[in-house]
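Peer 1: With the hints as your guide, set chains L, P and W onto chain H.
Residue numbers (the numbering used here), protein chains in the order written: chain H, -16 to 317; chain L, -16 to 317; chain P, -16 to 317; chain W, -16 to 317.
One thing to keep in mind: the hints can contain errors.
Put simply, identical chains are the same to the list, so a pair is met inside one copy or across any two.
Unchecked claim - Within a straight-line C-alpha distance of at most 25 Å, the following computed DSS-like cross-link-like pairs (lysine-lysine) qualify: (1) K276 to K172; (2) K92 to K243; (3) K132 to K92; (4) K82 to K18; (5) K22 to K69; (6) K278 to K167; (7) K172 to K278; (8) K243 to K278; (9) K18 to K92; (10) K82 to K276; (11) K69 to K165; (12) K243 to K180; (13) K22 to K150; (14) K92 to K43.
Hints are computed from structural coordinates only; laboratory data are not their basis.
Everything numeric in this text was worked out from a predicted model, so none of it was measured.
There are 4 protein chains.
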Amino acid sequence: MRGNTFGKMLSITSFGESHGTALGVVVDGVPPGLKFNLKDLQSELDRRAPGNIEGTTARKEPDTAEVLSGVFEDQTLGTPICVIVKNTNQRSSDYEKIKEDHRPGHADKTTMLKYGIRDHRGGGRSSGRETLARVIGGYFAQLMMPQMKVRGWMTKLGPFESRDISKLDINGDYGPYSYPDKSKSDEIKNYLLDLKKNGESRGGQVRVMVQNCPMGLGEPSFDKLKADLAKAILSIGAVVAFSYGSGEEMAELDGSVVSKDSSHFGGMEGGITNGDPIVLNITFKPTSTVGDKAKEGRHDPCIIPRAIPVVESMIKLTIADHYLRQQAYAGFSK
Amino acid sequence: MRGNTFGKMLSITSFGESHGTALGVVVDGVPPGLKFNLKDLQSELDRRAPGNIEGTTARKEPDTAEVLSGVFEDQTLGTPICVIVKNTNQRSSDYEKIKEDHRPGHADKTTMLKYGIRDHRGGGRSSGRETLARVIGGYFAQLMMPQMKVRGWMTKLGPFESRDISKLDINGDYGPYSYPDKSKSDEIKNYLLDLKKNGESRGGQVRVMVQNCPMGLGEPSFDKLKADLAKAILSIGAVVAFSYGSGEEMAELDGSVVSKDSSHFGGMEGGITNGDPIVLNITFKPTSTVGDKAKEGRHDPCIIPRAIPVVESMIKLTIADHYLRQQAYAGFSK
Amino acid sequence: MRGNTFGKMLSITSFGESHGTALGVVVDGVPPGLKFNLKDLQSELDRRAPGNIEGTTARKEPDTAEVLSGVFEDQTLGTPICVIVKNTNQRSSDYEKIKEDHRPGHADKTTMLKYGIRDHRGGGRSSGRETLARVIGGYFAQLMMPQMKVRGWMTKLGPFESRDISKLDINGDYGPYSYPDKSKSDEIKNYLLDLKKNGESRGGQVRVMVQNCPMGLGEPSFDKLKADLAKAILSIGAVVAFSYGSGEEMAELDGSVVSKDSSHFGGMEGGITNGDPIVLNITFKPTSTVGDKAKEGRHDPCIIPRAIPVVESMIKLTIADHYLRQQAYAGFSK
Amino acid sequence: MRGNTFGKMLSITSFGESHGTALGVVVDGVPPGLKFNLKDLQSELDRRAPGNIEGTTARKEPDTAEVLSGVFEDQTLGTPICVIVKNTNQRSSDYEKIKEDHRPGHADKTTMLKYGIRDHRGGGRSSGRETLARVIGGYFAQLMMPQMKVRGWMTKLGPFESRDISKLDINGDYGPYSYPDKSKSDEIKNYLLDLKKNGESRGGQVRVMVQNCPMGLGEPSFDKLKADLAKAILSIGAVVAFSYGSGEEMAELDGSVVSKDSSHFGGMEGGITNGDPIVLNITFKPTSTVGDKAKEGRHDPCIIPRAIPVVESMIKLTIADHYLRQQAYAGFSK
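Chain H on its own, in the form it takes in the complex (with noise of 0.2 Å):
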């Protein structure tokens, strides 16, 4: 009821500030019986991992992950999986300086507001950090379907623009900035290392293919597909607008049109899924620190690259949970 857990048939619970021991998540829901590789759950962790793209924050922080329960022998028990990443990047620093600097935009003051009380030290669950545990949480809902392939590019970022994926390959090599025209990779790095020069920040634009996605998922009335897919994007701190298929174009159309062409509705119509690819619109704003402070070697001028896994993340959790709502009923089936 706090907020911390996400999903109902298949959940996270996510727990952990930025500057605590340990950030973390419990994984419930998930099949027994899957094979369980740490690797490949320790590749995604560091798709999001700070360091590891040009051009975003310089801070290492190697975020590996140990598991504390639910696997056995390589396989998933079924039982609630718990991971965590231990913070050991806290720097030392004059930390009293910072308690009452409330960052536009960042949740700093709200914070305050709602909890009369804060750690200081960072963003607390505030922090882009938190977002590991849905990272690691996606890291399961694919597990649970591995047909299904979730895709996301940054489509636009300044002044790159590339908005059409319906023809890129949902598994090709697009570069670390995602974009759809790879060969723009070192240009983005320059545009973001720029940014960062002059300690300016910028939004953006993301969009998500999702291949084989089984149809008939999404739960009316008010688990809808699409409405559960718009929380679990908007629950990503630095996203302020998502639509779905043709997105706000949609006040454009004519509905005779619009009735021609499916792929207006973005793979779901009535708010489940028909079986068309699933095409997702998500805005970034910028991020909040700006200045001499985001000139520092920590902060990112855009989220963009780092935050596309945990956009993946949270839409495979999604359909994971549809997903084992639809099954309880598969067996009524005549």
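Peer 2: Just chains L, P and W, lined up with the frame of chain H:
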């Protein structure tokens, strides 16, 4: 779990098919001792009822609320409140004819994929009629928070566009279409009637402002208020996009610009209300019925005018739920 | 959250006051395509309805079920099923007289403590009438699990005691009092009539056997089947004790004895069904109304005969809920 | 949904296998700003830890609590609190030997029925070690309600029986066995040692008194406090019976007698607390390990002395959860 209940502390459980005996809702979690007024509830229902706004459906259905429980001597009891609306306008028609008629963008096909059976006499649970449950819920949410004001405007429809709502009077009269410039009402009416004549339909956009929402609402990490609002809004059938504050424009703005003006954050930082007005942006797709069938009187060429009370209600329910969640801790404050 | 919903995958949301317009229930999570029969539902309701068993209340209230939603052409749709029962027998009486009348053992006083208001015309939500919602839910749970049989017997009432149910025919006819020795029916009737004449009341015990419950149901650690059954049974107003298998006798037995005969475990080990018949033991307190008021026809000197279908229904609902929860994983089995 | 989370507003999510890396718990919903003391938490854990009470298991396992999150500068943050206890005493033994060893009354067989896989090195999630999660949770629940006192006594064990707890000093010292007559401690110790020598085991009964519980707690209709307490208590592996107030004796009493003395109702009427002390009665089955294996030092001939803190903790958690649920409405009171 089958998705017909929304909210945690304050919840609505919606039931009923569009062509069944009745639709209705159980509203649970309303505090005891609130003053109930059936006329006010009926007024809210009338805002979304068919037949009351020119240019929308001409179908007349009175949608009369009957309170079955939870109210005694005009006060809420704190017990579950069941309100039903009987269906009166199910035309006798050759339902077998439409049994296999799966309209694009409708839930007809996906309902069959999911359940293997459906009430083919109409949209069933996916009909817009289901939304009266939400409006009834919204009435009680508003009772709980008399100081809060939630108001939506149609900010885009075809050639009509007026996106800045920051200067509008939240208590003003904006005519039947809730368009910021009320003087355009006749033009909008004619535009809608033309659409209908041509069997065409249109989506558009709605902006909502919330004033006097308490600070500190929203639960990190997953039940951020923005996340729960996104889910609430996307659970409405025709909605395809949600954003808050500057929304998709955030992809175009410099972080240094954003950080100077908190209005970009739309009343929420870290997913928690900060005392600023909440601003939400919502995109509707065109209604799915087009062509000859849409020329009949019973269809809406644009659903927005009737959907605004639904949008407002979902927002009220979401905020009131979070209000209760936060109030549970009020007694512990130092 | 205000406690009017029971169950996770299969849930009932109960509403209605004893002297309001109607009582009812929303049953959600019933699979689509099950064959519905209104007469069968009504028969179940009639088992707990007042006026049908000599020696219980003489009040006649037909308790007619009306299905508002979720059923179409005699099949369940997979959508929420709302069934209501209108109150017809609210006697016009001087309610002001009983307004301040807080009966010991009743919820009158505690309802005021909790809500600060109550429908003083009767027991409100704490009336036994609320249990018709459970019996309706139980009907649908049974539809889901046609092979399973749940049967309760009154094994103790005053001088009548017959505790061993292991040899009873689960499909047999045991008369109106469900006493293992049907030949005692007349004696029991006279005992009850005597109680009534004297303004006295009695509790007693019920034993339940469940046959053909699937193995593997029950979720460690907290939602063990025995735990959820205990909650289900203790949620019935008049129940004061719950046990399973050898129950309180377990305090007297040697471990070496217990380990030799699995029937001591009542069908559940580790909180999970093991294929043995489930055996539950339930104790009811005496009904709270005693003295002159109890001598009127409208009161029950012992609630057990009418409570047995309620007990059975809560058990069916609990097991069917767990069945769905387990079925969600059936497709992953190796 | 897989049953590892208990509570709604205040919840614990338990994880860990008895022979895995660690066991632990995420406690969510604890108010911010409460004073935390690691020594007090450790003391509570030590009450159920093995090796501290003569006549119970001689296995020494320190069960050291490590707080990973949710506490900062000795205060709760209002964020999820993760506490883990590493497993240190997994003896290297020939686990293959016990792999197919399904002990009656244990969850071994039913775990295989349910999951098709288990951590056969020990009881896994069904081990008594899981209960340390509950004791940790209980510590935080007690922090929230400093005025409330929850105390359990062993009121029956073999020849020892002392059932009336109404006159006991809730703050008194009753020795290692929590027996109402402390002078019997040596006799009880010898009784337990004898059981062990003979490879025998025993169950027994526990009575609990709760003083200073707020009035008005418990949610009709399904989340009556008695119902949620029953679930809480039956979720403990070895518990087979639950009652409150006069419990099973209610089957023997006249209604006229019961109505004269509210102590029969054990502090709850209509499932809502009435201000009287809450009295609960709990029956444990004999521990399942008997015979030669039970003669080893690592087994408990009776689990009750170590289970009392677990019982107390589940009660504290249940009441604190209901307290938050009721507090949500405190601000609406007239």
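Peer 1: Does each hint hold? Answer for all of them.
Peer 2: Each hint tested on the structure:
1. K276 to K172: within (20 Å within a copy, 53 Å between copies)
2. K92 to K243: This pair counts as between: shortest inter-copy Cα distance 15 Å, intra-copy 48 Å.
3. K132 to K92: between (39 Å within a copy, 24 Å between copies)
4. K82 to K18: between (45 Å within a copy, 20 Å between copies)
5. K22 to K69: For K22 and K69, the Cα distance is within 25 Å both inside one copy (17 Å) and across copies (23 Å).
6. K278 to K167: So K278 and K167 pass the 25 Å test inside one copy only (24 Å; across, 50 Å).
7. K172 to K278: within (16 Å within a copy, 54 Å between copies)
8. K243 to K278: between (50 Å within a copy, 18 Å between copies)
9. K18 to K92: Only across copies: K18 and K92 sit 23 Å apart there, 44 Å inside one copy, limit 25 Å.
10. K82 to K276: Cα proximity of K82 and K276: one copy only (15 Å, versus 58 Å across).
11. K69 to K165: neither (34 Å within a copy, 46 Å between copies)
12. K243 to K180: Between copies only: 20 Å across, 48 Å inside.
13. K22 to K150: neither (31 Å within a copy, 55 Å between copies)
14. K92 to K43: neither (28 Å within a copy, 47 Å between copies)
The structure fails hints 11, 13, 14 (numbered hints given earlier, in ascending order).
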